[in-house]
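Enquirer: Kindly produce the complete structure, drawing on both the sequences and the hints.
Under the working numbering, the first residue of the sequence shown carries the number 1, and numbering increases by one thereafter.
Treat the hints as calculated values from the structure; they're not laboratory data. What you are looking at is a predicted structure, and each value in this text was computed from that prediction instead of being measured. Please note that a few of the clues may not be correct.
Using 30 Å as the maximum straight-line C-alpha spacing, the simulated DSSO-like pairs for lysine-lysine come out as follows [unchecked claim]: (1) 229 / 25; (2) 149 / 26; (3) 26 / 3; (4) 395 / 440; (5) 327 / 264; (6) 263 / 172; (7) 414 / 440; (8) 229 / 172; (9) 32 / 226; (10) 172 / 226; (11) 149 / 172; (12) 327 / 149; (13) 290 / 226; (14) 25 / 3; (15) 22 / 290; (16) 290 / 360; (17) 360 / 172; (18) 264 / 440; (19) 263 / 395; (20) 226 / 26.
The following label-pair restraints were derived from C-beta to C-beta distances [claimed, not checked]: (21) 412 / 360: 36 to 46 Å; (22) 224 / 444: 41 to 51 Å; (23) 409 / 213: 49 to 59 Å.
For each residue, glycine too, the CB sits at the ideal point set by N, CA and C.
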Amino acid sequence: MSKIDVIMPQMGESIAEGTLSKWPKKLGDAVKRDEPIFEISTDKVDAEIPSPSAGVLAEILVQEGQTVAIQTVVARIETDASVGASVPAPAAPAPTPAFAAPAPRPAPAPVPAVAAAPVASPTLPPGASNGPETMEERLRRKSTPLVRKMVAEHNLDLSTIPGTGTAGRVTKTDVLQFIERAPGVPAAPGTPTAPSAATPAAAPAPIAAGPAVEPWEGDRVEPWSKIRKLTADHMIMSRRVSAHVNSLIEVDYTRVAQIRARKKAEYTERGVNLTFLAFIAKAVADNLRKHPVLNAAVTGESTIFRREINLGLAVALDWGLIVPVVKRADELSLMGLARAINDLADRARTKRLSPEEVQKGTFTITNPGVFGTYVGLPIINQPQSGILAVGGIEKRPAVVTAADGSDSIGIRTKGMLAMSFDHRIVDGADADRFLADVRKSLEDFQESAA
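Expert: Below, the structure is given as structure tokens:
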């Protein structure tokens, strides 16, 4: 009998830790090779981790809810197989290789601290020695690109910010709370200024905190999952950062509905479900190139116009919300987009997305209409400049104008599109012209494009 280590895998280059959210297997349970053995949550994605070997779950070293560094041994599997004491990843390629634990690699170069004033050594934080860096020091220094960007924009010293991550690693929430609680911190260009020290005010609460609420008898209290907390923090941050404005437009989908009815069986034979969302994604991707400010991001007092058009598609899960991304969506046909949407949504619901598939979105579409919602006003998915909400699509009475100019009441398939945009860089005219072009693309959709 031998034991194989099961480790916390690295779910992306910038991720140094993960939260073990669930053990679907219990002590003494038999496990098969590549069968999900535990679930993790990171600041990028939730995922099921496959077992590196068949055997029996003999030891659980990290409990549900604990956050540990990558490469940490979280469990051990007892097996009869003649293998070494530590197997970091399945030997056979898994369907999603990004979930397999990577082979050991040299520690990355230390990330420079950003200080308000120059320090003696730009590569070391105050108080750091020139000796070999310990694991704890490396994890504290290893922060995400977002954290480093926030620190630089606010002219902060990373070493002065209390970290709540593993070994004191500074997280995005730590930076936001530090900025809110430190009245002397200069605001980054383009961000709201904090109250001055002379202004009498209580210290701000953590970003997602509210008044304390007492549960009543019979109530059920359910702690937030990692993904729920991250979503809450991200949404509140977005509301605070961007100047949200909304524009709405009604679309006549009658032509799209007719094309969809004629093509649906053909798409089904090829394993693809042709939805209205695929047509909308196609229209959006085709028009973002003509309206680049809707495919942009704000950095300080500058605008980044993205070259790639990467559509994020919000997927509702039982445990939260996730936004997988269709990369280079403007280069895909309707069939390609429909296939990508189906695939990403299916794998999001079964926790089989890789971290790369939820990153680098440039514009987001959310579809509350699938639940019957008439229209929704979404919050911008930072750092993007716009997000489109698709309202319910249904048959409605409408005025129909004939070729001779006469009007009559007819039945048309209609629905609302609502866009939230960042008024710091997107003017109302820009947003309305984009929506008008999207509507025209849908109402004049050519069957040859399907």
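Enquirer: Taking the CB of residue 224 and the CB of residue 444, does the distance hold inside 41 to 51 Å?
Expert: holds, 45 Å
Enquirer: Going straight from one Cα to the other, do residue 395 and residue 440 come out at no more than 30 Å?
Expert: Given that 30 Å is the threshold and the Cα spacing comes to 19 Å, the pair holds.
Enquirer: Can the restraint linking residue 263 and residue 395 be considered satisfied, given a maximum Cα separation of 30 Å?
Expert: holds, 20 Å
Enquirer: Given the proposed pairing of residue 414 with residue 440, does the C-alpha separation stay at or below 30 Å?
Expert: holds, 13 Å
Enquirer: Need the status of pair residue 229, residue 172: alpha-carbon distance at most 30 Å?
Expert: holds, 12 Å
Enquirer: Given the proposed pairing of residue 327 with residue 264, does the C-alpha separation stay at or below 30 Å?
Expert: holds, 24 Å
Enquirer: Are the Cα positions of residue 25 and residue 3 separated by 30 Å at most?
Expert: Distance ~17 Å between residue 25 and residue 3 Cα, so the pair holds.
Enquirer: Going straight from one Cα to the other, do residue 172 and residue 226 come out at no more than 30 Å?
Expert: holds, 14 Å
Enquirer: Can the restraint linking residue 290 and residue 226 be considered satisfied, given a maximum Cα separation of 30 Å?
Expert: violated, 38 Å
Enquirer: Regarding the pair residue 26 and residue 3, is the alpha-carbon distance no greater than 30 Å?
Expert: Judged against 30 Å, a Cα distance of about 16 Å means the pair holds.
Enquirer: Tell me if the straight-line CA distance from residue 290 to residue 360 falls inside 30 Å.
Expert: At roughly 20 Å apart (the allowed maximum being 30 Å), residue 360 and residue 290 satisfy the hint.
Enquirer: What's the verdict on residue 263 and residue 172, does the C-alpha distance respect the 30 Å limit or exceed it?
Expert: Given that 30 Å is the threshold and the Cα spacing comes to 46 Å, the pair is violated.
When held up to the earlier numbered hints, the structure conflicts with 2, 6, 13, 15 and fits the remainder.
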